[in-house]
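Novice: Each chain, letter by letter, is given below.
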Amino acid sequence: MALSIIMVDWKDQNIVLSPTNFFTYNMELSMRKKIIVIALFFVFLTGLFSCGQQEEQTDTSKPKEQIAASTQKSDEAAKEQAPAKKLKAGFVYVGPVGDYGWSHAHDQGRKFAEEKFDWLETVIVESVDEADSARIIDRLIQEQKCDVVFTTSFGYMDDTLKAGAKYPDKLFMHCSGFKRSANVGTYFGDLYQMYYLNGIMAGALTQTDKIGYVAAFPIPELVRHIDAYALGIKATNPKAKLNVRWIYAWYGPDKAKEAAQSLIAEGCDALAFTEDTPAVIEVGQEVTEKGKQIYTFSHYSAMQPYGKDSVVSGQLMDWGGMYAKILEDIHTQKWNNEDVWWLTKEKAALLGGSPTDMINPKFVPALKEAMIDSPEFGQISAYDLVMKRYEQMKQGVDVFEPFTGPIADNKGVIRIQAGAKASKEDLLSIMYYVDNVEGDIPQ
Amino acid sequence: MIKITTSDRYDITPLRSLMTNIFSLVAGLFVIGIIFLIAGVNPLYAISEIFLGSFGSLYGIKETVTKAIPLILIGAGLTLAFRAKFWNIGAEGQLLMGAIFSTWTGLTFGDHLPSYLIVPLMFFSGFIGGALWGIIPAILKIKYSINEVISTLMLNYICAEFLTMLIVGPWKGSTRFGFPGTDNLPEAAILGVIPGSRIHYSTLILSLICAVILCVVIYRTRFGYETRVVGENPDAGKYAGINFLKTSLILMAISGGLAGFAGVGEIAGIHHYLGYPASVSSGYGFTAIIVAWLAKLNPLYAVFSGLFFAGILVGGDAIQISLGLPAATVEIVNGTLLIFLIMGEYFLNNKISVHVSTKSKG
Chain A
1 MALSIIMVDW KDQNIVLSPT NFFTYNMELS MRKKIIVIAL FFVFLTGLFS CGQQEEQTDT
61 SKPKEQIAAS TQKSDEAAKE QAPAKKLKAG FVYVGPVGDY GWSHAHDQGR KFAEEKFDWL
121 ETVIVESVDE ADSARIIDRL IQEQKCDVVF TTSFGYMDDT LKAGAKYPDK LFMHCSGFKR
181 SANVGTYFGD LYQMYYLNGI MAGALTQTDK IGYVAAFPIP ELVRHIDAYA LGIKATNPKA
241 KLNVRWIYAW YGPDKAKEAA QSLIAEGCDA LAFTEDTPAV IEVGQEVTEK GKQIYTFSHY
301 SAMQPYGKDS VVSGQLMDWG GMYAKILEDI HTQKWNNEDV WWLTKEKAAL LGGSPTDMIN
361 PKFVPALKEA MIDSPEFGQI SAYDLVMKRY EQMKQGVDVF EPFTGPIADN KGVIRIQAGA
421 KASKEDLLSI MYYVDNVEGD IPQ
Chain B
1001 MIKITTSDRY DITPLRSLMT NIFSLVAGLF VIGIIFLIAG VNPLYAISEI FLGSFGSLYG
1061 IKETVTKAIP LILIGAGLTL AFRAKFWNIG AEGQLLMGAI FSTWTGLTFG DHLPSYLIVP
1121 LMFFSGFIGG ALWGIIPAIL KIKYSINEVI STLMLNYICA EFLTMLIVGP WKGSTRFGFP
1181 GTDNLPEAAI LGVIPGSRIH YSTLILSLIC AVILCVVIYR TRFGYETRVV GENPDAGKYA
1241 GINFLKTSLI LMAISGGLAG FAGVGEIAGI HHYLGYPASV SSGYGFTAII VAWLAKLNPL
1301 YAVFSGLFFA GILVGGDAIQ ISLGLPAATV EIVNGTLLIF LIMGEYFLNN KISVHVSTKS
1361 KG
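Which chain is which? The protein sequence lines are A and B, in order.
Sequential numbering of the first sequence, starting at 1, is according to this note's numbering.
Sequential numbering of the second sequence, starting at 1001, is according to this note's numbering.
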């Protein structure tokens, strides 16, 4: 008190420092404070009530799984039959579902399955650090009572396997891994065939005979994609060389941008990539708008809107069918831990950079003009070659497999003998560059 | 006419300090409530979900304690550095360095030594790793006047890249099929856990012991006194003949070393191998900065604030799963709480007087 009296506006000469005077000031002040506090409290309270009412009225603010669960209940009540056994599935995502790449595609697949089956309920957790996956799996099992958990990042592999041992009566599906146990299965949809088709187009379109690839991590999946892309390039343009930049991130728009710019600076004019954002495409579009045509290939989601003058085609992944199949197998107790590996034949891997066009109409004339002497089809345009190969891929790897020998690595060693086809095991462990890729895989 | 003046407050009692903290938290939760309201969920329900998700079930409590272990260790270490006004933002790197050193020890000697030798050895090497990474910025600051905020922050990235280099290169395990990451640590080098949980109790006990010892060091020893003088009145410290280099080196060795301990706990207690930086630590070194502040730079309080923040992080999962809000919500909650706590600190240390002069009204 004493202190504050002294400091009351000492600059203000007019003020009278009398005890009565000061008391009234303080009185006024504390009254005001109280009024403000009370007013705020009421605002908060009314806010709470209005929110609660809103929720009851519209139900829209509730998360989807709750809605699904409630509609499901009413459906069952309507049928008044023995309720089908319900299944609750938890999904663990490494990125935000809005990343427009990997996690987004998985979430689309989950939604597809959830809409398809009325016995299915799903919950998701996004942006889960690999360091935290064990905790999240525990929560999905213990707190959310999930029957099956899908872990959708390679880095979750060991934690998924440990969880399988910890909860023997639950099922686990790990995406992109190679370790399985009695109740832990693996699944993957691979895009390497689409990279091959993209490579055919890149080889036909490049002006500089230098083609680039922005890659996330040096693991077999990426090497397989790079090699498939290179084999496609080789099919139309044996002179062209492929340059690779590693960015060591699945989600790294800034790094991807830098890598794309450095590839362009070195003369590359066709870029494919593995990274979860349209960063590379944005660079391609930017440079194209400045007058230098850069050809890019969209990855995972339909990214053509980000580069309408640059995106030629791309790879699309549809997890919906696969999730539906796996969940149905679990529901009908047909599930086993066999690796689920889906390609173009199963309609998991699709060609295109947009949901409507397989190839951007802007580049179709150029691709139709580019003629190639194909050992199998004779004189054929790049466009027709892509379509023919795509049709073959839809029939299965028995009809056409990009990794058909002779294939030599870029050190001159023959890796696949003439006429032989790479087995699934060969593809899953591939760690060499084919002969038109420059440089070495980081060791 | 309203005038607002501030003056230093001299009558800070523990009760007032506690009340300020509680009020700041409540005010912070109030603002968070408004954010939830905008997102269309009932704030009381959301906030209760956070705390029920972390403290409301056995699962939640076990996970909260597991997550609190590194936060307590690093947070306690940071209180010492922050008391000396040595702004160590590099605990994340120090944690990773501890993880690197202890992984090396575990993989090299784990097969030949019994558990009771290899575990202390790993903790020792982890401490050394973290301490080495901690004293670099101390030397840079005292000898060359390089701002420690910059140097500690940048050393985080260097350490993360160094770790990545090790696991994609020379340390890549033979059992990993070409994927980055070391082999698993041998059985003897793996820390025991409380059955049915992931609480690696040796690290938990170590963290509590460290907090108590640090408390004694700060308040009862000459070194602790020197640390405070260095922070609060460096000029007086100089005249009193305090050796700044020595004090800084020791305090950063301790601060970094405790972060190193946390790294050992994460590797030997939870993951059992060295993987990418993001799979070793989910930003504990940064979260612990908030923990240290919330603890009012008292290592013993860091135990409670560590548990509190671990609770918010673990409860944050519940926000996502039960409410369907995006993961970023958890970070908004954390950031808002921190801002309010720091504001509370200001109001605790400064007296604010608002005065209305009647004369100027007329």
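Note that these hints are calculated values from the structure, not bench results.
Careful: at least some of the hints might be erroneous.
Distance condition first, Cα-Cα at most 30 Å in a straight line; then the derived BS3-like pairs of lysine-lysine [what the hints assert, rightly or not]:
(1) LYS162(A) with LYS411(A)
(2) LYS162(A) with LYS1238(B)
(3) LYS145(A) with LYS1062(B)
(4) LYS411(A) with LYS1062(B)
(5) LYS368(A) with LYS170(A)
(6) LYS162(A) with LYS1143(B)
(7) LYS1172(B) with LYS166(A)
(8) LYS1172(B) with LYS424(A)
(9) LYS1085(B) with LYS170(A)
(10) LYS170(A) with LYS424(A)
Here are the in silico distance ranges between beta carbons for each label pair [stated by the list, open to error]:
(11) TRP341(A) with ILE1035(B): 54 to 60 Å
(12) GLU1187(B) with TRP341(A): 32 to 38 Å
(13) THR1013(B) with GLN108(A): 55 to 61 Å
(14) GLU376(A) with SER1174(B): 39 to 45 Å
(15) SER1174(B) with ASP309(A): 56 to 62 Å
We put the beta carbon where it would ideally sit given N, CA and C, even for glycine.
Novice: Confirm or reject each hint.
Specialist: Hint by hint, here is what the structure shows:
1. Distance restraint check for LYS162(A) and LYS411(A): the Cα-Cα separation of roughly 40 Å exceeds the 30 Å cut-off, and the hinted pair is therefore not satisfied.
2. Of the supplied pair hints, the one linking LYS162(A) and LYS1238(B) is violated, its CA atoms being roughly 56 Å apart against a limit of 30 Å.
3. At most 30 Å may separate the alpha-carbon atoms for a hinted pair to count; LYS145(A) and LYS1062(B) meet this at roughly 17 Å.
4. With a C-alpha separation of about 53 Å, the suggested pair LYS411(A) and LYS1062(B) falls outside the 30 Å cut-off, and the hint is violated.
5. Proximity of LYS368(A) to LYS170(A) is assessed by CA-CA distance (about 53 Å); at most 30 Å being required, the pair is judged violated.
6. Between the alpha carbons of LYS162(A) and LYS1143(B) the distance comes to roughly 49 Å, so the proposed pair goes past 30 Å and is violated.
7. For a cut-off of 30 Å, the pair hint linking LYS1172(B) to LYS166(A) stands: about 27 Å separates their Cα positions.
8. About 24 Å separates the Cα atoms of LYS1172(B) and LYS424(A), which keeps this hinted pair within 30 Å; it holds.
9. For a cut-off of 30 Å, the pair hint linking LYS1085(B) to LYS170(A) is broken: about 51 Å separates their Cα positions.
10. Proposed proximity of LYS170(A) and LYS424(A) is supported: the alpha carbons are some 28 Å apart, at most 30 Å.
11. Evaluation of the 54 to 60 Å hint for TRP341(A) and ILE1035(B) yields a failure: the beta carbon distance comes to about 43 Å.
12. For GLU1187(B) and TRP341(A), the Cβ-Cβ distance of about 34 Å falls inside the hinted range of 32 to 38 Å, so the restraint holds.
13. A beta carbon spacing of about 58 Å between THR1013(B) and GLN108(A) agrees with the range 55 to 61 Å that was offered as a hint.
14. Checked against the given bound of 39 to 45 Å, the beta carbons of GLU376(A) and SER1174(B), roughly 41 Å apart, stay inside it.
15. Look at SER1174(B) against ASP309(A): about 48 Å separates their beta carbons, and that is not inside 56 to 62 Å.
When held up to the earlier numbered hints, the structure conflicts with 1, 2, 4, 5, 6, 9, 11, 15 and fits the remainder.
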